[in-house]
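Let's have the full structure, built from the sequences with the hints guiding it.
With the numbering used here applied, the sequence shown has no gaps in its numbers, which climb one by one up to 111 at the end.
Honestly, the hints are just simulated from the structure, not real lab data. Idealized CB from N, CA, C, for every residue including glycine. Hints are not guaranteed to be accurate.
Simulated crosslink set (DSSO-like; lysine-lysine; CA at most 30 Å straight-line) [what the hints assert, rightly or not]:
no., residue 1, residue 2
1, Lys70, Lys2
2, Lys46, Lys70
3, Lys46, Lys2
Quick list of simulated restraints, FRET-style, between CB atoms [to be verified]:
no., residue 1, residue 2, range
4, Leu31, Arg97, 27 to 33 Å
5, Thr94, Ala42, 24 to 30 Å
6, Gly100, Glu72, 16 to 22 Å
7, Leu31, Arg98, 25 to 31 Å
8, Ala68, Phe110, 17 to 23 Å
9, Asn107, Asp8, 18 to 24 Å
10, Leu60, Tyr19, 24 to 30 Å
11, Pro10, Ala68, 29 to 35 Å
12, Lys70, Gln15, 30 to 36 Å
13, Lys70, Gly90, 32 to 38 Å
14, Lys70, Gly103, 16 to 22 Å
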Amino acid sequence: MKFLLDHDVPAEVGQLLRYWGHDAQQSHEVLSVDAPDAEVFAQAQKDGRVIVSCNRDHFLTLANRSVALKEEFPGLVILIRRRTRQAECGRLLTLLRRAGENGLDGNINFA
Numbered sequence: 001m002k003f004l005l006d007h008d009v010p011a012e013v014g015q016l017l018r019y020w021g022h023d024a025q026q027s028h029e030v031l032s033v034d035a036p037d038a039e040v041f042a043q044a045q046k047d048g049r050v051i052v053s054c055n056r057d058h059f060l061t062l063a064n065r066s067v068a069l070k071e072e073f074p075g076l077v078i079l080i081r082r083r084t085r086q087a088e089c090g091r092l093l094t095l096l097r098r099a100g101e102n103g104l105d106g107n108i109n110f111a
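Right under this line is the structure:
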């Protein structure tokens with residue numbers, strides 16, 4: 001799967017995704033560090049990447065709008081902050097295992 005990680009997602013999450021064979025890109029690799037959320041969302045749509053973010057408010061609004069308008073939407077994973085990075089990564093891996101290859105496509109998920 002292809003992912004675009006928002007600036008608030010820990011680097012360890014990207015490393016883990018790459019370790020498991022996914023194409024994980026940090027948003028600052030393709031956009032300016034201070035790019036607004038709407039620009040990050042548009043870039044993910046353009047590149048067909050599932051967004052991973054800890055920013056629930058803005059990305060949920062953008063994702064819900066895309067779903068309502070029946071736009072192409074690669075998916076969104078809201079990463080909930082946990083006590084440890086290990087716990088965050090574990091929740092994300094559990095979600096990916098349960099969702100399967102296409103289970104995130106067009107969906108809003110929480111990990």
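Okay, the hints, checked on the actual structure:
1. Note on Lys70 and Lys2: the hinted pairing holds, with a Cα-Cα distance of about 21 Å set against a maximum of 30 Å.
2. A threshold of 30 Å between alpha carbons decides the hint, and for Lys46 with Lys70 the separation of about 15 Å falls inside it, so the pair holds.
3. Between the alpha carbons of Lys46 and Lys2 the distance comes to roughly 12 Å, so the proposed pair stays at or under 30 Å and holds.
4. Between Leu31 and Arg97 the C-beta distance comes to about 29 Å, which sits within the given range of 27 to 33 Å.
5. Remark: the range hint 24 to 30 Å for Thr94 to Ala42 is upheld by a beta-carbon distance near 29 Å.
6. The hinted range of 16 to 22 Å is satisfied by Gly100 and Glu72, whose Cβ atoms lie roughly 20 Å apart.
7. The supplied range of 25 to 31 Å is met by Leu31 and Arg98, whose beta-carbon atoms lie about 30 Å from each other.
8. For the pair Ala68 and Phe110, the beta carbons lie near 19 Å from each other, so the given range of 17 to 23 Å is met.
9. For the pair Asn107 and Asp8, the supplied restraint of 18 to 24 Å holds, since their beta-carbon distance comes to about 21 Å.
10. Checked against the hint of 24 to 30 Å, the pair Leu60 and Tyr19 passes, with Cβ atoms roughly 28 Å apart.
11. At roughly 31 Å, the beta carbons of Pro10 and Ala68 sit within the given window of 29 to 35 Å.
12. Taking 30 to 36 Å as the suggested C-beta distance range, the pair Lys70 and Gln15 conforms, at roughly 35 Å.
13. Taking the beta carbon of each, Lys70 and Gly90 are about 34 Å apart, inside 32 to 38 Å as hinted.
14. Separated by about 19 Å at the C-beta atoms, Lys70 and Gly103 satisfy the suggested range of 16 to 22 Å.
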